[in-house]
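The primary structure of each chain is shown beneath.
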Amino acid sequence: MDLINKINGLATLLGCLLIGVMAVSAVEESPSAASRFTEADNKAVPDFQKHVIPLLGKLGCSSAKCHGSFQGQGDFRLSLFGFGFQKDHAALVAEASSEDGHRISPELPSQSLILLKPTKQIKHRGGEIIKQDSWEYNLLHRWIETGAKGVQITKTDQPPQQNQPEFSKEGILFFENRIRPLLENNCYECHGFNMRKGDLQLKSREDALLGGGSGKAALVPGNTEKSLLIEAVRHTNPDLQMPPERKLEEKEIADLEQWIAMGAPWPNSSDLAPVQSGKKLAQLHYEPKEILFQSASDIAQIRVVAEWEDGEREDVTCLTRFRTNNDAVAVVNESGLAKSIGKGDTHIVALYDNGIAAIPVLRPFTEERLEIDVTQYSNPIDRFVVSKLVKLGITPSKQCTDTEFLRRLSIDLTGTLPSPDEVLSFIGNDSADKRTLKINELLERPSYAAWWANKLCDFTGCNPTSISSLLEVAREDGYIKATRWYDWIYERIANNESYVDLVEGIMLADISSGVGEGMPYFWTRQSLEEPKDTAMSVAHSFLGIQLQCAECHKHPFDQWTQNDFVDFSSFFDTPILKRGRKGRSSKASATTEKELSLLRSHTVKVGDSDPREPIMDWLRKEDNPWFARSFVNRVWAGYFNVGIVEPTDEFTPSNPPSNPELLNWLTQGFVASGYDMQWLHRQIVSSETYQRGWQPNETNREDRRNYSRAIPRRIPAEVIYDAMKQATAATDQLETVRTNLKRRGTGHLSMRMAGTHAMKVFGKPDRAINCDCERVNEPTLLQSIFLQNDPLVRMRLADSGWISEVGKSKATDEADLIREAWLRSVNRPPTPTEVDRAKEHLASAQSTEEGMADLLWALMNTKEFILNH
Amino acid sequence: MLKVGALGGLTLSQYMRLQASAKEPSQKRSGIFIFLEGGPSHQDTFDLKPNAPSEYRGEFKPISTSVPGIQICEHLPELAKRMKDYAIIRGLSHTLADHGIGKKYMLTGNRPSQTLSHPEYGAVVSKVHPSARDLPSYVSIDESFVGPGYLGNEFSALTANKPTFGIPYSVRGISLEDGLTVEKYNSQKKLLDDLDTAFRGYENLDEQVRGLDRFGEQAHDIISSPTTRKAFDLSLEKTSEFTRFGRHEFGQSLLLASRLIEAGVHFVTVRLRPAEFDFDTHLDNFSKLSALLPPFDKGLSSLIDRLKERGLFRSTGIMVAGEFGRTPKINSQGGRDHWARAMFALMAGGDVEGGQVIGETDDRAGAPVGNGYSPDDLAASFFQNIGINSKHEFQTNIGRPINLVRDGKPISQLFS
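The listed protein sequences correspond, in order, to chains A and B. Residue numbers for the first sequence follow my numbering, so the first one is 9 and each next one is one higher. Residue numbers for the second sequence follow my numbering, so the first one is 195 and each next one is one higher.
Since the hints were made in silico from the structure, they are not lab data. Take these hints with a grain of salt, some might be off.
Within a straight-line C-alpha distance of at most 27 Å, the following computed DSS-like cross-link-like pairs (lysine-lysine) qualify [stated by the list, open to error]:
hint	chain 1	residue 1	chain 2	residue 2
1	A	K733	B	K378
2	A	K816	A	K95
3	A	K287	A	K297
4	A	K287	A	K51
5	B	K222	B	K278
6	A	K255	B	K603
7	B	K278	B	K603
8	A	K347	A	K406
9	A	K177	A	K157
10	A	K818	B	K378
11	B	K383	A	K733
12	A	K66	A	K51
13	A	K66	A	K95
14	A	K733	B	K222
15	A	K66	B	K585
16	A	K157	A	K255
17	A	K602	A	K287
18	A	K816	B	K378
19	B	K603	A	K131
20	A	K847	B	K383
21	A	K847	B	K378
22	B	K585	B	K603
23	A	K131	B	K585
24	B	K523	A	K255
25	A	K847	B	K384
26	B	K603	A	K259
27	A	K255	B	K243
28	B	K275	B	K243
Quick partial rundown of chain B residues pointing at chain A, CB under 7 Å, derived from the structure [said to hold, decoys possible]:
hint	residue
29	F409
30	D415
31	S419
32	V563
33	N565
Idealized CB from N, CA, C, for every residue including glycine.
If we strip away everything but chain B, and leave its shape as in the complex, we get (with noise of 0.2 Å):
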């Protein structure tokens, strides 16, 4: 068929029909991507060094990891202990070091297009790998910023606003407010299913009309399901678990990420906005990380600690990653800016295999030795760890034939 929608490729009853064949795939896998906006510095947090000179090595000092030979940032005490749990990419690159086209780049593993819209890996594994029926897919806190590309707009991350420690904790569109209760909710969609009588008799008529009523039950199924509730209801957590992931609203996103995880959702994004959690330090580098990587330290260290304790980091893939690297020399206002050549990404669970560090970058972290690795390369590998082939191809809203990362190969040293 060349008329291929909206849908990706799919008329809505070809995909319905897939949906219904669809067989669980024989790895369960779910992932989350932790991504730190504003593109955060790889030589003061895990590229550290020491021996360049004091205007690119900066004011950090390196510490010991529970992996001999490796060191990290002196402000990563959790994680350091932590080095036998992930993998440090370094020496990734690429070149576009602007926060729009190179955010779009590492959320999609493709380099951005001006004809085609590449989808975000959460996307992706809603189309590929969808939840149970009365859980989303997907979940992006907060608000996703690339979408679903060409797969078309089924594939959307649900939005979850981001949670603030001591304060009661609603989703948009999920939570039920203003003391609005299930049953007063189950009524008012009683009400409607005996008011919805138009197109009684021509359910199958049209895709459009059978959309709307699988899409309005599903998403009543969601509403009021106990099973999204729960996982998304944070005051179900006790205080002490609050605590542990520490009360930033970047620790106690990655709480609700593992519940959602834990709830059987199968994909969360992690992307605070740069108001609240802001990695490009233009100015005062070194105070405003000082600041910003104990939350990080914390957060990201009890989000591992609490899939290992529940079983589920060796079906979960965790990837971190900005958009880039900052420049090696400090510049005049003690901050770095923008840099691609070199960045770095971290791998958790899955198959990867951790407490080993991939790649490598010059004595001034400028640039990989070697041929360094892609974002093409990155999103490849943590596809495979989500159990998804990176070289699926799709069909685009034109027709055309497209791989899933059109570039880049999976990291092999990275798996076990």
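This is chain A alone, in the form it adopts within the complex (with noise of 0.2 Å):
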């Protein structure tokens, strides 16, 4: 703890004070907030945004725990993760509900609730946060001293101005304090945000007054009789009682009674949608620009530089959230001092304002400097991988054996166990080419349009029950619709069409109609009610991004704010996409041309015609910096367990590539590919990398992220499910089994088995929820106790044709039995010893068949058969 402390306190000096030392900038820079504040009688204005509000950040206040929290502590809320200007102004400029004074005291700055309270000089719940005489006092006290002053937007970023009358402090405090609350609280859940129940949205003036579907205005300022809001919260028609769970306190109705009175005071409804801040951040500028440690405890300072656009720049550092992605490799203090904890590498990611700089960290496993020529490698993947690996001082694993190769490629490629007659004829072949020919003949083969197929009906979400009614009645029909969707993939690899053009048959599906050039049932889902629903789902989808911490506040460890959110969603917010869905009466939709930014990268101009055409346009675009590097991703990521970017849909500032050479390539080589998926997966399976053997050298144990060796990961849920069938399979029946798509986990049968008993204990997604994490392939006790007594595998057992082949052939030595038992679960043959085991039981057993049974019921309980190594 001393030794933390002590960090602390000389990270605060080197972050803080030496910082004029270190900067070695051509621009000049304005020395960093803590600097300037260390003396109280300084005369530096600080500024709202480029330091309160971040300030506030980095100390706690606007967390979840906090103010930032949905309720906020003591009655005071800040917008979670700051970046709500406006309305974190509004909130610290209101009056405290309690008697205990102003927030803020322009006339007698010490005696602000805002720095009373974080001093703990009177009550504070949240304890002592900072000291009086600190640099982050000083500057608090400095900004209440000249005035407290917001953020001024420009108008070039203000929305266009409705009509609004202008309204009273007395008034928008009166909202804020009272009527927003109100609001938030009890009616948006059903009507804010992109939420419109009955066609009625309260998130502005402007909505309330346009009113529901109803006709009717919910708000007619100044006159409560005639607002629909206040005879719905009365309860007096009873068919209108909002809200609908409980009637408000009589002091919340006379409340809105009294807010209508007044003219329904609102501030621009700007506010509620957070504006974009009054000053734009260019680039967050770190350094040093990647940190290699040595040894344990080596340290490192980061200092980190804000560029805004008009030019100025800011040692922010002291202002700067530190957090670190692996603190098994390396941790970082609040001052952005980074210290070596393990071996291996992460990021350390540094967060101001809405920028963030991720700082690679680096310490090898070994002191050796390893002498390897990257340009032995033909295939580019290798060189990108083994520098990383050099850097890493790791020596990549040996090459794996024909066999592991052969029941590797075949389950990560097809899905499927090789049979015993192709890993003999494999073994049997000596060309030098033989790995490179089974490569091309498995794609070829309808078990990778499958396998495939199925993987992209969980990346695009193909859940029966939510393209179906809800009725039980219906779940054949969705069945069917899934199977349509499924079959409408697989046509689609199997003729290794590109994978833009399949996208774009979702992208721009016309719903009205059934599958045919199209897939309409991606967005016909139940679960897609709103158009922010909608909009999360393609982020995810193609895009490989979870949207959905911005929909109530700026997201912690990335760029979006809601201001993102909200644009994206208002794509999907058009009567093309309404049909089946509730939609909202004619005059929202007014055709009006609307400029939309799309995640920050484009802005496109959206009016009549399907907006779903701009966003395809807009993926199609070479330079688009998602959608084809996620689905590379994905497909790696099938390949090695983890992603270069991991967790496989979370494309983040804050969570960025751990190789990023190897992943610009094979996304620039996939989109010069003409996105041809054929091209991605021979390029993957053909590498050295790829092939490695799982047993690790001294080097390289502990590596699981740079792909110097091959992890072994258990088997999906489905190929279990095939490869059980397959190894207890009759002879003549194999190669059906290994083919009829109707009858496969990975086949039709996929949409039919979603959530039976064996496919959730092997972790096979619902696709019900946007999230790669939904498909689990750890091992768990449940899993044991099927594979080891479950009736199904018991079953599987007692029926299977080979065994009862077994018992009626007499004739067939048992060698060679047992040989074929290895063969059909373990895909190799035996080992002597393994070979002398079998013998020993079988001579033991009672029957033949019983023992081959008992051996084969183990040999599919080992860790050989249930990982793919």
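Build the complex from these two chains, which are given one at a time in their own frames, with help from the hints.
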């Protein structure tokens, strides 16, 4: 503890006081806030956006546990993770609800609650946060002293002004303190953000004036009796009682009435969805660009410089939040001092305003400087991977054996175990290019298209219960539709159509007709009730992005703000997608041309036409930052267990790729190939990287994210199901079991078996939520119970066609049977020791059949069977 | 760490370290959640309105209970006698009057969300309060509906099919069937151990390998464990016990639940499928309830009695609820439809002070008087009663911190 304190102290010195020494920037740079506000009587003027809000974030004031919670501790609410500048400013200048006084007292700054509370001069449930003579204190003090100004919104950033009367400050405060919380707590679940039950939205004054499906205004300023809102909350009309769960308190109703009588003051509508910042952060610079540690407890100070759009630069290290992506490799304290903990590599993430910097940190596994010439590799994948391994001091594992390769490739590429004959002919083949030929052969098999169609169904959310109506009787309809969805993708993969065309078939599907050129069910899922649900689903399926956090607050570790969320959701707020959904009446979708930002990568104008078209155009752009990249990464993760970006649906600046060069090359290659999926698969599985053995050497035991060896991983749910069927099948049934899509877990049964006991136990995703984490390939207790004793497993053995063949044909040599058991399950011939042990067991068994059944049971329970290795 | 895998915030190795160091909770508690599928009518069971107009009030008469002033339905005579043993919560209220989402809400205590799957009660217990090694922590009779959600598959229920009176009972994955003996199973396991050599010497290299070894051993322990086998072996019960719980599958399931708790399983959910025990009474509400309530009355009363006899009542929290209540007004087919604005729940065991009614509905049982209670409040109370902090912070699989029960506070009146 002591040591950490010392380091902290040292870091503060380094990070915030000696910054002048470290500064080497060409552009003149403002010194850090910590150095400028060290003295109480300084003359600097703090800026709300640049200093105050980041400081409140860094001190934890706007965290979810404190004032960032939706209730706001002590009635004082800040926007979570800070990006609602207007709202936060209003909250800071508002009077406190208790009798403690003002949060801010411009006349007597030191008596402001925001200084008295965190210094614990008066009671503060959050305890003491800052000291009275600290730079943090001085900064806040000085901000109040200089007028506690908020953020100036420039004209161009402001949304088009509605005709809205000016309201008094009292009116606005009344709204902020009494009405907004009331609306948020009671109404927004159904009428806020992008929700609009009964066509009514209450997120701005304009929305409320417009009213909902009834055609009457919810709000008639100055007239409580005509305001439908009041009628609803009074619960006098039996058909209109809001909120439905409970009647509001009399006091709350009185507040609403008073507010309407006041003329319904409501600050500019731009306040609710936080407007763009007053100033725009152009870039967050950091140094060092990369941290290379040599031994435990090495330290490195990170320095962060904000560059604003107007060219201003400032050292913001002391206002930046830092965190590590892996605390087993490195930690970082609040001053930006990174410390080595273990070997390996990760990133330290720095967050300031909406800028994010991820600084690579690396400590080699060995001290040796490895002499590996990467130009020896013909496949660029190997060059990129090994270049990184050299940095880490890792020697990659040796090539895997032929039987390992064949089993691994068959599972990964086709979701199927190789057949005994296939194994034997592969190991008997001496040609040098047999692996390449096998890859080509498997890519042409229907099982390849089946397995990857199943994967694409995962990514796109093909869920039978979501595309039928909710009624139980409609379940069959759901299966049929889900199967069409699967078949539609299957055909395209089997014909090796380009990935971007496949996605276009989904993106631009005409939802008024059935399945044809396009795949409409993606859009007609029940789970996409609101435009925002569609937005989240599109972002997840085709961009590998999780937008959900930004629905209610700024994403804590990403750049997304509520604005981005609202903008992206607006694309899907279109009559074209409303068939089958309860739509808003036409008045709201009047044809105004909106300019919308596509997740800040591109801006497009959207008018009357199908708004999915500009999105598709954007996906097709070669420089789209996510579209090809996220797919390439998901495919990669299918082969290596971890994505280059991991989790695979978390493409955020705070979660950078473990090997950016590799991901870039694969992405560019994929785009250049015309989004040729076979090119991508072939490129990956042909690499030496993919064909490495799982056995570690002295240098790479601990490596799990740099692909220096194969990581054993549990075979997926559907594959286990099919594999057991295959291992026990009668000889003449073997090929049917391997190829008949209708009867395979990776084929049509995929839809029908979703949610069954076996599939739940092995973590087959329901495809019900937007998360790649829905598929679980981790071992669990229930899986082991299942494998050892589930009736399904016991039944497979009891009904095994092969076991009954064994009983019938007495002539067969015992050793042949034993070999066959190994080839069927673990897909290699047994070793002499294994043959001996098997013979011993057969000798003790009551019959050969029973003995063989035991043997097959045991083999199907080995790790070698359950794992892909 | 940003990547937290599928184990609800922990890598397997971290999880194992935690498991190894986890201390026994100071208060040893178990829980039973009895879920009445379909949405039981509240106004015909525990919240009667004898003074409402006949189209609301229905056919059933109230009867007095052992607690003066509290009345319940005439078809619940045994529970009326035991009123001191449980509390009735009236005026429980939410807004999701659809089976799917209503069930998710009630089975997790959190409003269902598009972006996050909340865990069911038993999965939470399984995570924070695991049972002994040779016992499952959480058993679900019959199949569970929600699953472990963001906690990860590791904490899924062991599914036990419902027992049927007169038919020998066996559990999927646990019972040895078709003449398989423990000896034979052990010899198979011995063969497996001898053949499972591919990763020998590398047992601790990767999480998957380590996990399979650990769970494989534990599965064998459970399947071959005398404790577990006995807990599930209903044939060890006396005939009088089967009769006491009632021959209905509901009573038999509660008998099994009791055996499991007695053996040391920490959580049991009893949720029979609608085909067997359907409270979704859109048609003929009263004749259906006349058939449903007696087995319910008998089964639950016997469960309370048995846990008391065995000294386990004060260490076992029991909750009874469905997904919602039913419409105040009787429909044209003599049924009642979905109604989430008012419903009931029962709480017993643990620290619950029995013999009280908490909350109230209006004179037609249509809505709570005052704010009422939410499923979240109910969840917070139940968790408290089984020794789990309802504000416990978990990490979801995308590293998002989340409180176990996001909204809702324990209902303090419930507890003595």
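Tested hints:
Under the criterion of a C-alpha separation no larger than 27 Å, the hint pairing A:K733 with B:K378 is consistent with the structure, at around 23 Å. Only pairs whose Cα atoms come within 27 Å are accepted, and A:K816 paired with A:K95 is rejected, the gap being roughly 81 Å. In summary, the hint linking A:K287 to A:K297 is supported, as the alpha carbons are separated by about 26 Å, within the 27 Å threshold. Taken as a hint, the A:K287 and A:K51 pair is honoured in the structure, with Cα atoms around 22 Å apart against an allowance of 27 Å.
At roughly 23 Å between alpha-carbon atoms, B:K222 and B:K278 fall within 27 Å of each other, so this suggested pair holds. A hinted pair counts as satisfied when its Cα atoms are at most 27 Å apart, and A:K255 with B:K603 qualifies at roughly 20 Å. The hinted pair formed by B:K278 and B:K603 meets the criterion: a straight-line CA distance of about 24 Å does not exceed 27 Å. At most 27 Å may separate the alpha-carbon atoms for a hinted pair to count; A:K347 and A:K406 exceed this at roughly 33 Å.
For a cut-off of 27 Å, the pair hint linking A:K177 to A:K157 stands: about 15 Å separates their Cα positions. The straight-line distance between the Cα atoms of A:K818 and B:K378 is roughly 24 Å, inside the 27 Å bound, and the hint therefore holds. With a CA separation close to 21 Å, the supplied pair B:K383 and A:K733 stays within the 27 Å bound. The hinted pair formed by A:K66 and A:K51 meets the criterion: a straight-line CA distance of about 23 Å does not exceed 27 Å.
Taken as a hint, the A:K66 and A:K95 pair is honoured in the structure, with Cα atoms around 18 Å apart against an allowance of 27 Å. The hinted pair formed by A:K733 and B:K222 fails the criterion: a straight-line CA distance of about 44 Å is larger than 27 Å. For a cut-off of 27 Å, the pair hint linking A:K66 to B:K585 stands: about 24 Å separates their Cα positions. A C-alpha spacing of about 39 Å is found between A:K157 and A:K255, which places the hinted pair above 27 Å, so the restraint is violated.
Distance check on the hinted pair: A:K602 and A:K287 sit about 23 Å apart at the alpha-carbon level, within 27 Å; holds. Between A:K816 and B:K378 the alpha-carbon distance is near 24 Å, which keeps this suggested pair within the 27 Å criterion. Between the alpha carbons of B:K603 and A:K131 the distance comes to roughly 25 Å, so the proposed pair stays at or under 27 Å and holds. Straight-line distance between C-alpha atoms of A:K847 and B:K383 comes to about 16 Å, which keeps the hinted pair within the 27 Å bound.
Restraint check: the Cα-Cα separation between A:K847 and B:K378 comes to about 17 Å, which is no more than 27 Å; the hinted pair holds. Straight-line distance between C-alpha atoms of B:K585 and B:K603 comes to about 9 Å, which keeps the hinted pair within the 27 Å bound. Using a Cα cut-off of 27 Å, the hinted pair A:K131 and B:K585 holds, with the two alpha carbons roughly 24 Å apart. Proposed proximity of B:K523 and A:K255 is supported: the alpha carbons are some 20 Å apart, at most 27 Å.
At most 27 Å may separate the alpha-carbon atoms for a hinted pair to count; A:K847 and B:K384 meet this at roughly 14 Å. Pair hint B:K603 plus A:K259 holds up; C-alpha atoms about 23 Å apart against a cutoff of 27 Å. Distance hint between A:K255 and B:K243 is fulfilled; the C-alpha atoms sit about 21 Å from each other, no more than 27 Å. Taken as a hint, the B:K275 and B:K243 pair is honoured in the structure, with Cα atoms around 20 Å apart against an allowance of 27 Å.
A least Cβ separation of about 4 Å between B:F409 and chain A falls short of the 7 Å threshold, and the interface hint therefore holds. Taking 7 Å as the C-beta cut-off, the interface hint given for B:D415 is violated, the closest approach to chain A being about 10 Å. Interface hint status for B:S419: violated, as the beta-carbon distance to the closest one in chain A is roughly 12 Å, over 7 Å. A least Cβ separation of about 10 Å between B:V563 and chain A goes past the 7 Å threshold, and the interface hint is therefore violated.
Taking 7 Å as the C-beta contact cut-off toward chain A, the hint placing B:N565 at the interface holds, the least distance being around 5 Å.
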